[in-house]
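S.K.: Sequence:
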Amino acid sequence: MRNGNQRNTMSRRERKTDRQVCSEETIKEARKRIDNGESKRAVAASLGMAESTLRFRLQQPHCATKLGRFVTTFSPEVEKDFCDRLMTLDDMFYGLTPKRLRSAAYEYAEKHNIPHRFNKETKVAGKEWLRGFLQRHPDISLRQPTSTSIARAIGFNRPQVERFYLNLSALMDKYNFPPQSIYNMDETGVSTVPNKQPKVLSRKGKRSVNKISSGERGTNVTIVNAVSATGHFIPPAFIFGRKKMKKELFDAGPPGCIGLASESSFINSDLFMDWLSHFKDHAKPTKEQPVLLILDNHVSHCTIQAVEF
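Going by UniProt numbering, the sequence shown opens with residue 1, and the numbers climb by one from there.
Where hints are given, some of them may not hold.
[Stated by the list, open to error] If you anchor each label on the Cβ, the simulated ranges turn out as follows:
1) K120 to T97: 39 to 49 angstroms
2) I294 to F56: 50 to 60 angstroms
3) D139 to E263: 49 to 59 angstroms
4) M273 to K120: 11 to 21 angstroms
5) I223 to K243: 37 to 47 angstroms
6) D173 to N220: 15 to 25 angstroms
7) K284 to K111: 23 to 33 angstroms
8) N184 to E128: 18 to 28 angstroms
9) F266 to T26: 21 to 31 angstroms
10) H298 to K243: 18 to 28 angstroms
11) F233 to D274: 24 to 34 angstroms
[What the hints assert, rightly or not] Dumping the calculated PhoX-like pairs for lysine-lysine here, alpha-carbon to alpha-carbon at most 20 angstroms:
12) K246 to K280
13) K123 to K99
14) K123 to K40
15) K123 to K111
16) K99 to K127
17) K120 to K80
18) K28 to K40
19) K174 to K28
20) K99 to K111
By construction, these hints were calculated from the structure, which means they are not laboratory data.
For each residue, glycine too, the CB sits at the ideal point set by N, CA and C.
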């Protein structure tokens, strides 16, 4: 966890010039004094800036954009909205690691068409942005992933369980979901080669029964399922380990199922958004009849896009 001492040890850039020292308030004060009869030269001298600089600033509708490398990507208002969304993720048990936070910042900037210099190949904000973000928001604590038990990894402890049920109770009181509108979603992996042999007929008394099996290891296929409290199933999604999808792979699949592709055969944030669209088509939620979807805190679910869907 980052603490105050770590933030204080971060390198700070020393200002080498007096450029961009004026603020919106400074320009407003200068305008007021000039309107009251003072000369621009006298006002500029008292404010410690060149007269030409003051004349240029007065011609601008707003104070000029900040100079230098250390310019925040998000305005204070936009960054506050971004922080509010992070807290929403945290309340939903989707607290972000530093790397996921950098990815979320990139996604947020792209979605809202905010100019940025984030890495478009890796689709994450830089470490310098993260340091600056932590300095601007000391009330936000980020935890680096560490080796831990599975029970602790999923947050299965009394405070977390109580918190989950408090959130669930609040949602149930607010929306009064009927059983058919409460869904649970999870992923499971299956191999294309079965690893459990079926029973075969053999002579009684035989000490061992053998059967020739395939030497292939098989490949993993991830199946995404969702079922309601009344037993209504959303047609599953199959994720195959390949770059491009072929419809032939799920021709004989369950009615309404979809096929997706990823090189690892595991779900990712983009495929999760595809699945959410698939879920919406079949669950048919509306503002008058919303649907509650319960899922785990897999990294692919922990995106701002998913929360805003």
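S.K.: With reference to the structure, classify each hint as holding or not holding.
M.R.: Structure-based check of all given hints:
1. Separated by about 21 angstroms at the C-beta atoms, K120 and T97 break the suggested range of 39 to 49 angstroms.
2. For I294 and F56, the Cβ-Cβ distance of about 58 angstroms falls inside the hinted range of 50 to 60 angstroms, so the restraint holds.
3. Checked against the given bound of 49 to 59 angstroms, the beta carbons of D139 and E263, roughly 39 angstroms apart, lie outside it.
4. Our hint of 11 to 21 angstroms for M273 and K120 holds, since their Cβ atoms are close to 19 angstroms apart.
5. At about 20 angstroms, the CB distance of I223 to K243 disagrees with the hint of 37 to 47 angstroms.
6. Between D173 and N220 the beta carbons are some 41 angstroms apart, a value that contradicts the proposed interval 15 to 25 angstroms.
7. For K284 and K111, the Cβ-Cβ distance of about 25 angstroms falls inside the hinted range of 23 to 33 angstroms, so the restraint holds.
8. Distance hint for N184 and E128: a CB-CB separation of about 41 angstroms, inconsistent with the stated range 18 to 28 angstroms.
9. Checked against the hint of 21 to 31 angstroms, the C-beta distance between F266 and T26 comes to roughly 54 angstroms, which is inconsistent with it.
10. In this structure the hint that H298 and K243 lie 18 to 28 angstroms apart at CB holds, the actual value being about 22 angstroms.
11. Distance hint for F233 and D274: a CB-CB separation of about 18 angstroms, inconsistent with the stated range 24 to 34 angstroms.
12. Under the criterion of a C-alpha separation no larger than 20 angstroms, the hint pairing K246 with K280 is inconsistent with the structure, at around 23 angstroms.
13. For the given pair, K123 sits about 11 angstroms from K99 by alpha-carbon distance, which is consistent with the 20 angstroms threshold.
14. Taking the CA atoms of K123 and K40, the gap is about 48 angstroms. The hint is violated against a cut of 20 angstroms.
15. Under the criterion of a C-alpha separation no larger than 20 angstroms, the hint pairing K123 with K111 is consistent with the structure, at around 12 angstroms.
16. As the CA atoms of K99 and K127 are separated by approximately 9 angstroms, the hinted pair is consistent with the 20 angstroms bound.
17. For the given pair, K120 sits about 24 angstroms from K80 by alpha-carbon distance, which is inconsistent with the 20 angstroms threshold.
18. Annotation: proposed proximity of K28 to K40 holds, straight-line Cα distance about 13 angstroms (limit 20 angstroms).
19. Of the pairs offered as hints, the one joining K174 and K28 is violated, with about 47 angstroms between alpha carbons and a cut-off of 20 angstroms exceeded.
20. This hinted pair checks out: K99 and K111 have alpha carbons roughly 19 angstroms apart, not beyond 20 angstroms.
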